[in-house]
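Trainee: One letter stands for each residue in the lines below.
There are 2 protein chains.
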Amino acid sequence: MSKKLTSRAEDYSKWYNELVVKADLAENSAVRGCMVIKPYGYAIWEKMQAELDKMFKETGHQNAYFPLFVPKSLFEAEEKNAEGFAKECAIVTHYRLQTDPDRPGKLRVDPDAKLEEELIVRPTSEAIIWNTYRGWIQSYRDLPLLINQWANVVRWEMRTRLFLRTAEFLWQEGHTAHATKAEAIAEAELMNNVYATFAENFMAIPVIQGLKTESERFAGADETYCIEALMQDGKALQAGTSHFLGQNFAKAFDVKFANKEGGQDYVWATSWGVSTRLMGALIMTHSDDNGLVLPPTLAPNQVVIVPIYKGEEELHAIDDVVSGILKDLRSKNISVKYDNRDTQRPGAKFAQYELQGVPLRIAIGPKDLANGTVEIARRDTLTKEVVPMDTLIDVVGNLLGDMQKSLFKKALDFRDSHITEVENFEEFKSVLENKGGFISAHWDGTKETEEKIKELTKATIRCIPLNNNEEAGVCVYSGKPSKERVLFAKAY
Amino acid sequence: MSKKLTSRAEDYSKWYNELVVKADLAENSAVRGCMVIKPYGYAIWEKMQAELDKMFKETGHQNAYFPLFVPKSLFEAEEKNAEGFAKECAIVTHYRLQTDPDRPGKLRVDPDAKLEEELIVRPTSEAIIWNTYRGWIQSYRDLPLLINQWANVVRWEMRTRLFLRTAEFLWQEGHTAHATKAEAIAEAELMNNVYATFAENFMAIPVIQGLKTESERFAGADETYCIEALMQDGKALQAGTSHFLGQNFAKAFDVKFANKEGGQDYVWATSWGVSTRLMGALIMTHSDDNGLVLPPTLAPNQVVIVPIYKGEEELHAIDDVVSGILKDLRSKNISVKYDNRDTQRPGAKFAQYELQGVPLRIAIGPKDLANGTVEIARRDTLTKEVVPMDTLIDVVGNLLGDMQKSLFKKALDFRDSHITEVENFEEFKSVLENKGGFISAHWDGTKETEEKIKELTKATIRCIPLNNNEEAGVCVYSGKPSKERVLFAKAY
Chain A
77 MSKKLTSRAE DYSKWYNELV VKADLAENSA VRGCMVIKPY GYAIWEKMQA ELDKMFKETG
137 HQNAYFPLFV PKSLFEAEEK NAEGFAKECA IVTHYRLQTD PDRPGKLRVD PDAKLEEELI
197 VRPTSEAIIW NTYRGWIQSY RDLPLLINQW ANVVRWEMRT RLFLRTAEFL WQEGHTAHAT
257 KAEAIAEAEL MNNVYATFAE NFMAIPVIQG LKTESERFAG ADETYCIEAL MQDGKALQAG
317 TSHFLGQNFA KAFDVKFANK EGGQDYVWAT SWGVSTRLMG ALIMTHSDDN GLVLPPTLAP
377 NQVVIVPIYK GEEELHAIDD VVSGILKDLR SKNISVKYDN RDTQRPGAKF AQYELQGVPL
437 RIAIGPKDLA NGTVEIARRD TLTKEVVPMD TLIDVVGNLL GDMQKSLFKK ALDFRDSHIT
497 EVENFEEFKS VLENKGGFIS AHWDGTKETE EKIKELTKAT IRCIPLNNNE EAGVCVYSGK
557 PSKERVLFAK AY
Chain B
77 MSKKLTSRAE DYSKWYNELV VKADLAENSA VRGCMVIKPY GYAIWEKMQA ELDKMFKETG
137 HQNAYFPLFV PKSLFEAEEK NAEGFAKECA IVTHYRLQTD PDRPGKLRVD PDAKLEEELI
197 VRPTSEAIIW NTYRGWIQSY RDLPLLINQW ANVVRWEMRT RLFLRTAEFL WQEGHTAHAT
257 KAEAIAEAEL MNNVYATFAE NFMAIPVIQG LKTESERFAG ADETYCIEAL MQDGKALQAG
317 TSHFLGQNFA KAFDVKFANK EGGQDYVWAT SWGVSTRLMG ALIMTHSDDN GLVLPPTLAP
377 NQVVIVPIYK GEEELHAIDD VVSGILKDLR SKNISVKYDN RDTQRPGAKF AQYELQGVPL
437 RIAIGPKDLA NGTVEIARRD TLTKEVVPMD TLIDVVGNLL GDMQKSLFKK ALDFRDSHIT
497 EVENFEEFKS VLENKGGFIS AHWDGTKETE EKIKELTKAT IRCIPLNNNE EAGVCVYSGK
557 PSKERVLFAK AY
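Protein chains in written order, with this note's numbering: chain A, 77 to 568; chain B, 77 to 568.
Do not take every clue at face value.
Copies of the same chain are indistinguishable here, so a pair counts whether it falls within one copy or spans any two.
[Stated by the list, open to error] Mimicking DSS-like on lysine-lysine, the simulated pairs with C-alpha atoms at most 30 Å apart in a straight line are: (1) K98 / K332; (2) K123 / K403; (3) K486 / K123; (4) K327 / K90; (5) K336 / K386; (6) K98 / K327; (7) K182 / K523; (8) K133 / K408; (9) K190 / K443; (10) K336 / K425; (11) K133 / K386; (12) K90 / K511; (13) K332 / K566; (14) K505 / K485; (15) K123 / K133; (16) K505 / K327.
Because the hints were derived from the structure by calculation, they are not lab data.
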């Protein structure tokens, strides 16, 4: 099998699809739109999960688990939410199979096992959770309720792509309940901030925090905060969202609490989530034509060591030296793999680890043993250097730290150089077509203009940046007055 | 709300149901047979997951993720497996809802959105995984393939109980592929052994490792290994199973590999799993009429500290001392919670932590401050002792260690005293009715006898213990010759 990828310049979309499969991250399954996350891809996702889970717990949240299914009558209780997801719901209607009388050895749905009420496979869990919260919240003493769930959800998308848009995906969804509007808004902002910190510090992906316009909001939310990232092809990717849900779900599910003054109030809510879509963001932010590039924080193996040898004797000598290196690196919490398989040649191993984005590759041969050196190759810059064995541990630590910073810096420079202010619609279309990236432009604040621009250019308003400058201007499309710029882009 | 539980002697089943809900572990949901795992219950499950995951990785396994849905044509490919699960499958038949023209604001299933092929919500994942493995395995170099998945599964059970039998449950399922029969059997035995070690060392639950009889085997397996535990009411509980699947799935899904000799062989398989059912085993093994009792390894909080005070000044003095204790305990990796809420009285707090099984409760009042002492109450024995503050850290460490051992010992003594050898069917029935527990009896090895005994007594063969003694005898029911004893019990 050729490991050579289509280049990004040639066909960015094809490059992405090939990379995901060839780097052993994920593949399509026999189920339309559902993916298999392969062990290497899943190991990266586990690292994201562990870090996010720690950050959620540090901000006072607890995990719980709610049912996969939502009875239709609960699903439709919050009308906007239901309407928003109705067209992409997988629906369970029966609970039993039986032998097919017409096809020996085959099964068919048992027509007598029809459910009285259909069950929706959760596309999101507000309905089932708020129906549960009604029993958990009586008094202000029960608030805030700060809960997160790690789960699979299903949204029957018609056009799917590995990680970016799949019928089933893995995610976390936080669902919190508060006594006041201010507290709920503060929570939504806090969690959006957690996502931004995670994206930038851990995934090395620069993001812009902002608010969605009304038409881009989560169905059922009063306000949606988001983090928006920019991919190398100039398209934006929404990497996480945090919603202030007002009292919409509390009202739909009748969740009231006794306040300190003895009255009854509806509870205020938030929800927030990130998903395996982050894998897509990770891949498209850092990788190159040779394959995956991973920030060291997310690499299942940060270092791989490959012996270069002829015959058993040379291999044994290398094995001895490497066993000490492994111990030293692991004592510094650096994950390292020694690949001394004799079924693969060094060149094939190099190609594999390059494709899979292992940050540092160390090669050791007989000459190195004689000279007390090793060769270190760095995945992001593709540079190599020969270093004395006795400085190896420090060099590795420094290179990993530098790489983490350098990947972020590179992505940040790219992003910042792809935010373009435009003043009229001709410029808007020209920048969008020729340069891509975010377009910072005045907008008159109407749904009609937003829709029209989308129709004409496929660009959507990605967000109204938080802490946006107030700046009087005129809408890039309608010429009507505007008080601030918003960010447009084509998006994943 | 009264926290008082029904006693075990009065009604064991009611005691269990009340405990699960009152200790905030789980509750029933709006979806028939599906539970909500509450934060406190989920925190215990997370501890189990973390330890199991570590043990799986230490034995060379990697995690991955496969689709929730199984197309019907794949589901039915391995006939025995399909037949075994057909009657309890949730089935997705449609992928869209639409506005109900007859009920404004309500939704109905869109009749035009019927799937061409129905999707089964996985009751177990052999089918979808082996269909995937066909693409992953070409050569002996691709073997063994050692993969685990953490997931939710659905089995449409008619009679459900929290944790013990629910329509949806959480579990892990290992699915491995091997070049030889011997390797696959060794893997199935290894993982059953991992489960036994986990149950005994981590959960303090003594288990018997054994083989299932043919009629109790997993549908599609050639051999099922299991760990069987004994609950306090004398009923057995199957706590984990590990299956040697032979070449059944390889043949059903055409998974062959090029062996070292250049020929093509079908792959050998195992699968193994434990689920949130372990929560039921945990609760029923250790808990008492006052509530949950947790081994320290599984306690979300191993220690809780409750201040006894009047007025702010006393509280501040206690706060100061406690902040040092918290730091010291945490530096020893002991999890501790300081509950200085002023909305609850100490008595209410004591009752809550007793109900929730916190292993050690420390009370500190002004007298303690004056004397340099604290009072420690131990959950399993319900004993209290006053200890000097300066020995506290060591005392806590020792008590936690002792408690872990002591809970196991207590459960082991109970289990061992409830394995009764019987020689005839009158004795069998009498022991089963009056004493309960495992009955060690000779069996003639036939399905007919096994079925008859089950029909007459509700007892099933829990397992044929591994390393069973060979001992000639006659079947307790049929009088036919037998070469070894097997273990019968009524079971969850």
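Trainee: List, from low to high, the hint numbers that the structure doesn't satisfy.
Mentor: Those not satisfied are hints 4, 9, 11, 13, 16.
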